[in-house]
Amino acid sequence: MRKAVLQKTYAALPPYDQHEILRYAGAREATDGQLQELLGECIAACESVFTPRVCYTELTKAEFFEIFPQSESARLWTKDCDRVIVFAASVGLEIDRLVNRYASVSTAKALLLQAIGAERIEALCDVFCAEQSARSAGRAVARRFSPGYGDFPLTAQKEMFALLDPSKRIGVTLTDALLMSPTKSVTAAFGLKNSVCHSKTETRCDGCAQKDCAYKKEN
Amino acid sequence: MDVREFLQQNIVYLDGGTGTLLQAAGLPLGELPERWNVTHATAVQDIHRAYFDVGSNIVATNTFGANSLKFSERELNEIVKAAIENVRAAAQTSYGTQQKFVALDIGPTGKLLKPYGDFAFEDAVETFAKTARLGEKYGADCILIETMNDSYETKAAVLAVKENTSLPVLVSCAYGEDGKLMTGATPAAMVALLEGLGVDAIGVNCSVGPKQMTGVVEELLARASVPVLVKPNAGLPITDGDTARYDIDEREFAEYMSAFVQKGARLVGGCCGTTPAYIAATVAATNDLSAQPIMPKKITCVSSYTHAVDFDTPVLIGERINPTGKKRFKQALKEKDTGYILAEGIAQQEKGAHILDVNVGTPEIDERAELPRYIEELQAVIDLPLQIDTSDSVAMERAMRLYNGKPLVNSVNGKAESMAAVFPLVKKYGGTVIALTLDENGIPDSAVGRVAIAEKIIATAKTYGIDEKEIIVDPLAMTVSADKNAAKITLQALRLLQERGIKTSLGVSNVSFGLPSRESVNAAFFALALENGLSAAIINPNSVEMLKTYYAFNALHGSDENCGEYIRFATELLPTFAPVAATGTAVKSGTDEGGSPLQRAIARGLKTDAASECERLLEHVSALDIVNGEIVPALDTVGRAYEEKRTFLPQLLMSAEAAKAAFEKIKAHLLSLGEQSAKKCKIVLATVHGDIHDIGKNIVGTLLENYGFEIVDLGRDVPPEQIVDCVEKTAAPLVGLSALMTTTVPSMAETIVLLREKTPWVKIMVGGAVLTEEYAEKLGADGYGKDAMAAVRFAERVYAQLCKS
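Going down the list, the sequences are from chains A and B. Going by our numbering, the first sequence runs without a break in its numbering and finishes at 642. Going by our numbering, the second sequence runs without a break in its numbering and finishes at 807.
The set of hints was computed from the structure by calculation and includes no laboratory data. Bear in mind that the values here come from a model prediction, so they are computed numbers and not experimental data. Note that CB positions come from ideal geometry on N, CA and C, so glycine has one too. There's no promise every hint is true.
Cross-link-like lysine-lysine pairs, in silico, PhoX-like; alpha carbons within 25 Å at most [as the list claims (entries may be wrong)]: (1) B:K83 x B:K139; (2) B:K182 x A:K431; (3) B:K430 x B:K132; (4) B:K667 x B:K328; (5) B:K72 x A:K581; (6) B:K116 x A:K581; (7) B:K788 x B:K647; (8) B:K417 x B:K464; (9) B:K430 x B:K164; (10) A:K484 x A:K431; (11) B:K213 x A:K431; (12) B:K684 x B:K338.
Label pairs and their calculated CB-CB ranges [to be verified]: (13) A:D440 x B:T732: 42 to 48 Å; (14) B:M297 x A:Q441: 50 to 56 Å; (15) A:P438 x B:K647: 25 to 31 Å; (16) A:P438 x B:C565: 32 to 38 Å; (17) B:D727 x A:R498: 44 to 50 Å; (18) B:Q294 x A:E554: 39 to 45 Å; (19) B:F579 x A:G456: 23 to 29 Å; (20) A:Q441 x B:R799: 36 to 42 Å; (21) B:E352 x A:Q441: 20 to 26 Å; (22) A:D440 x B:F579: 31 to 37 Å; (23) A:S471 x B:R799: 42 to 48 Å.
Pulled out of the complex, with its shape left as it was, chain A reads as follows (with noise of 0.2 Å):
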């Protein structure tokens, strides 16, 4: 039987995190009015460029591994969980092309231009996890992951792409090489658990083996 894929376009997103912002843009520090000026002139640009979009599918977890690689590591974060969404998330092509339309006048605001394009497509989908977890009366989300986490191959992209089409419902595209165009691009998949939401979140960078990262969140 076929799976039926959703998808929803969002008009909103939550408030800009600036600190976030800023942690992506390499700048660790709350920084000089210099810099907030032209963040806050980067901000004031994307005014209507995002156009939020996520297609999805809830899956058994039976069907998630029928469909997708073995991994122990999706094993592991689907631990206690019966159902698994998985879900395609967009910010939209325009914010690529915002990128580099300053590459070339600004490499300051493009750098501050895709930080906030990857504040703005973690926030999507955390919003739409976040949703999730309430539709299925409150159950906890697990770890979210991508193909590439863990030992959950790259190549799994090529199952995600064949199961949620996201380049005809919300303009989505792989590359030969396994790259999603537009760049702000998710694909994901997380186990809804069998128990209710427990208050203590993770942060993505928990359990992640690098050390050296500069982008670590420090919680």
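Use these hints to put chain B onto chain A, whose structure you have.
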């Protein structure tokens, strides 16, 4: 009767959601539906027949994804042949008595075109062409290109069909709930593009239900001069346990479709979720309606990948992308300094230009290669329609072919040779063309004479099948200092052309040539020209006088509601023209920082201050002393602070840009003296094949440039051969390669192997998110840039070695 004729007279019924029925017939998950044409011919025929039975006139083949990316050529051939036979068989065995046609269905490839994806435009054309040729070979009556969600890919598909078949082509796009294609095009932009390409019907399908589609259908009907096609989904999807269904039943669907037909839609059918029952209901609800006549719309417009620009209110065309009389611009062209040219475009857009003229004709460059390249670069980052400005018809054709929209073409004139060169291109690729009122006998010195040439051009265009609305006449602004009646003749001609209903354009500033304070004359002439009906002006958007005239005229002329545009101009745009203060106040106040004002401006990343300080210094300090005594030390201070983690990447880049602004002043100063700025050595930069992320490489490039290196930036997704070729040609001693993903590291390795073999002298540095020091060593690179400063340090070492040896 063929499809084209049938379209002219009738309401044409299409089929519904074939995919929906295939699933119901048992198509399993993961199976390509196109294969069923061969393996389950009877099941496919039954589906087609069901639509013919309820009254469909055109049924599309089950070939949505039938292309050479998914199938081998042999299988593709087999599938298209079987698919057409299946529809043909269904038509013959259906009890429906209506006129029946077979449409070869072509859907999007699922790939995004370059530069944002990895699919080259000409590869897309060839992919579609393969399927289209098979369609004609096996007897399809027409081709339906449907569910397209990108304007550029749509253009590739239409060109492929037109160049390889003589079949009628119906084109339908998937507009989202925001009324735009996924990559941004409005219905108006698509009508402009598709009518330009000469398609037989334009429409909308999929994505949403008929209710959400209403706005798009109305816009198509208001603008299209060809039949409009509507194929909605059966509403929006809702989940029902594990399956999706749609939220509108056939009765409600048919009501909407009937309303569309009454408004003028001529081809109606359904997409996802529309079973034969939906089509039956639609036929029943509209059978008694008469087909609305298709009225030609007299809209003169051009388009970009997002929007159309109409010439109903005066349009400003920015003239700055043009080397004529500009040393710095010519040098940028010679050095392939794309950033400089893009910046000129962006600046004009920010000053309110509606269209950008693009002219890169200078004897030192190969215009036939460079014009199309700049068109591609500009349309990747600027959403304004472009005016392709060249007298070389080969360059013109290449640029028009690659242009993502319907271009403005500059220009044709009354000479037979010019018309014979330009009109076939306009006919094939679409475009609105500027027509200069001169011919073999020169420029007439009377308004009537110029109008006569305009009439000749329009009449000739018609013989090529080009409508009068696609010709914008330029009655030529001549120099008033040479002939006191020059301006009057032009203005009279404008008036005559306006009365005749012909759109007009002028290169306004010619009028003041040779006079002092030219802007005053230009502005007054511009106002007079507007009053005499001028539709478009080619101007310098940096000229505040021209903009003042433009906005004031619109306000006075009753074309600016509540003077809203004027007020916005006066309050938002006008202040950006204010002259920059002689020296930056911000720099002076910083007493806590060391160094000169220029050094402080760089340290704090103040671009305008750095530029004006540098300009001030240039009055009494040599360029070399400024570079070595001011800019380099300032950059070094910031660079060290970054390396010691006292400052961060954004600040480092802001300083780099401030330094760049200062360098730009030095460059201009040296050029005015006829000198060139000294460069250290060439460095070739590229993001490797398969990788489309290039921000890291751009950052490295910006910094290296600041340190005096000459950067040859090959961009992203660059094949190894091209990198090697460039290193060979430039004899660069250093190349920098960037890769973001593990999947693209192999192509970095491949590049390094090839470089070692063909250009053994070159040093190689690598960087990118996925790389580490050890990894870089394993790949055989000479240096690893863990960040941009590390790349600079490595380059400096290579350069020092070079100087020693």
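Of the hints stated earlier, which fail here?
Failing hints: none at all.
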